[in-house]
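If you're matching positions, the sequence shown starts at 1 in the numbering used here and goes up one per residue.
Treat the hints with care, since some could be wrong.
[As the list claims (entries may be wrong)] Restraint ranges, calculated between C-beta atoms of paired labels, are given here:
no., residue 1, residue 2, range
1, R263, T178, 13 to 23 Å
2, V33, P100, 34 to 44 Å
3, R97, Q238, 20 to 30 Å
4, L256, R163, 16 to 26 Å
5, R193, K98, 20 to 30 Å
6, Q172, K59, 24 to 34 Å
7, T44, R17, 10 to 20 Å
8, R28, R173, 21 to 31 Å
[As the list claims (entries may be wrong)] Here are the simulated DSBU-like pairs of lysine-lysine, each with C-alpha atoms no more than 30 Å apart in a straight line:
no., residue 1, residue 2
9, K59, K111
10, K36, K141
11, K59, K36
12, K141, K98
13, K141, K111
14, K98, K36
Hints in this document: simulated from the structure, not taken from any laboratory. Glycine residues also receive a C-beta, built at the ideal position from the N, C-alpha and C atoms.
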Amino acid sequence: MVSCMDRELNLLVESVREAGARVLELARLGFDVQTKSDRSPVTTADLEVNRILHAMQQKYFPEDGWLSEESPDDPARLERARVWIVDPIDGTRAFIRKLPEFCISVALIEKGHPLASVIFNPSTDELFSAARGRGLRVNGKPVVPRSIGTDSPLVMVSPGEFRSGRWTELNQRARTSTFHSIAHALTLVATGRAQAAITAETENEWDLAAGVLLIEEAGGLVEDADHRSLTFNQPVPQFTGLLALAGTTDPHLQPLLRSHVARAGKRATR
1 MVSCMDRELN LLVESVREAG ARVLELARLG FDVQTKSDRS PVTTADLEVN RILHAMQQKY
61 FPEDGWLSEE SPDDPARLER ARVWIVDPID GTRAFIRKLP EFCISVALIE KGHPLASVIF
121 NPSTDELFSA ARGRGLRVNG KPVVPRSIGT DSPLVMVSPG EFRSGRWTEL NQRARTSTFH
181 SIAHALTLVA TGRAQAAITA ETENEWDLAA GVLLIEEAGG LVEDADHRSL TFNQPVPQFT
241 GLLALAGTTD PHLQPLLRSH VARAGKRATR
């Protein structure tokens, strides 16, 4: 369907694997940690991944825009037909704590919608990739999402929301588990290891862009708290709330999750 995507996806996979190897090297050798203005941590590894991926984009696709958590936001991206949206390490705190859930997350967006994406977990050597219309792949092999028994569906939630009890009322219908990286949680949904990932909090475009395509190519659905599909490369690159559903989600669970996310999202924005 998208004839030009082989080159983009191949270069992206190659660069992401190079970046992942560098992350593991720094995990062994040691890395510096700084605190950003929003009080979130950034490490030498985050910046190295950002450098490697930006160099790839600048070398092969200099006409495209760039939006990354670890780069200044250049408004020129809004004038570009295509933009690369990057989270160099989603789950930096997990990386610092040596938890195997941090991921490199990259999507190529055209006119607001993902064309190609990769999420790579260096700790497990799992590389999830998709190109629009071509299905989900893990380490290059096509994947059909597995079904999960509807008697105990798994819903991924953020640690803060879990501790606050925001989703306690779901416990009669589903198991809830916390994620340290939303990109990692979205790979679980894409492959059917979890049936949903939900949050009422504000999420940045770079947190979600790659995972959206993986889930959609696996037959799933992603929307915000107002039940709208996600459009990327916006002037303010954020969304309020998230509902990500696997293609195998129990149809009786879907409306329940939708209503919970919508209500929680309204409370979160007051």
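Problem - Pairwise hint evaluation, K36 against K59, where the allowed Cα distance is 30 Å at most - result: Judged against 30 Å, a Cα distance of about 28 Å means the pair holds.
Exercise for the section: For the range 13 to 23 Å, tell me whether the beta carbons of R263 and T178 fit it or not. Expected result: holds (20 Å)
Exercise for the section: Please test the hint of 16 to 26 Å on the beta carbon pair from L256 and R163. Expected result: Holds: the Cβ-Cβ distance is about 22 Å, inside 16 to 26 Å.
Handout entry: 30 Å limit on alpha-carbon distance, applied to hinted pair K141 and K98
Key = holds (28 Å)
Exercise for the section: Take a look at whether the Cβ-Cβ distance between Q172 and K59 falls inside 24 to 34 Å. Expected result: violated (53 Å)
Practice task
Indicate whether the distance between the beta carbons of R97 and Q238 respects the range 20 to 30 Å.
Solution key: holds (26 Å)
Practice task
Indicate whether the distance between the beta carbons of R193 and K98 respects the range 20 to 30 Å.
Solution key: holds (22 Å)
Exercise for the section: Just tell me: holds or violated, for the beta carbon distance of V33 and P100 against 34 to 44 Å? Expected result: Violated, since V33 and P100 (Cβ atoms, about 19 Å apart) do not stay within the stated range.
Problem - Whether the CB-CB distance between R28 and R173 falls inside 21 to 31 Å - result: violated (43 Å)
Problem - Pairwise hint evaluation, K111 against K141, where the allowed Cα distance is 30 Å at most - result: holds (28 Å)
Practice task
Would you check the hint for K36 and K141, treating anything up to 30 Å between C-alpha atoms as holding?
Solution key: This hinted pair is violated, its Cα atoms lying about 38 Å apart.
Exercise for the section: Mind checking the alpha carbons of K59 and K111 for me, to see if they're no more than 30 Å apart? Expected result: holds (22 Å)
Taken one by one, the earlier hints fail for this structure at numbers 2, 6, 8, 10, listed in ascending order.
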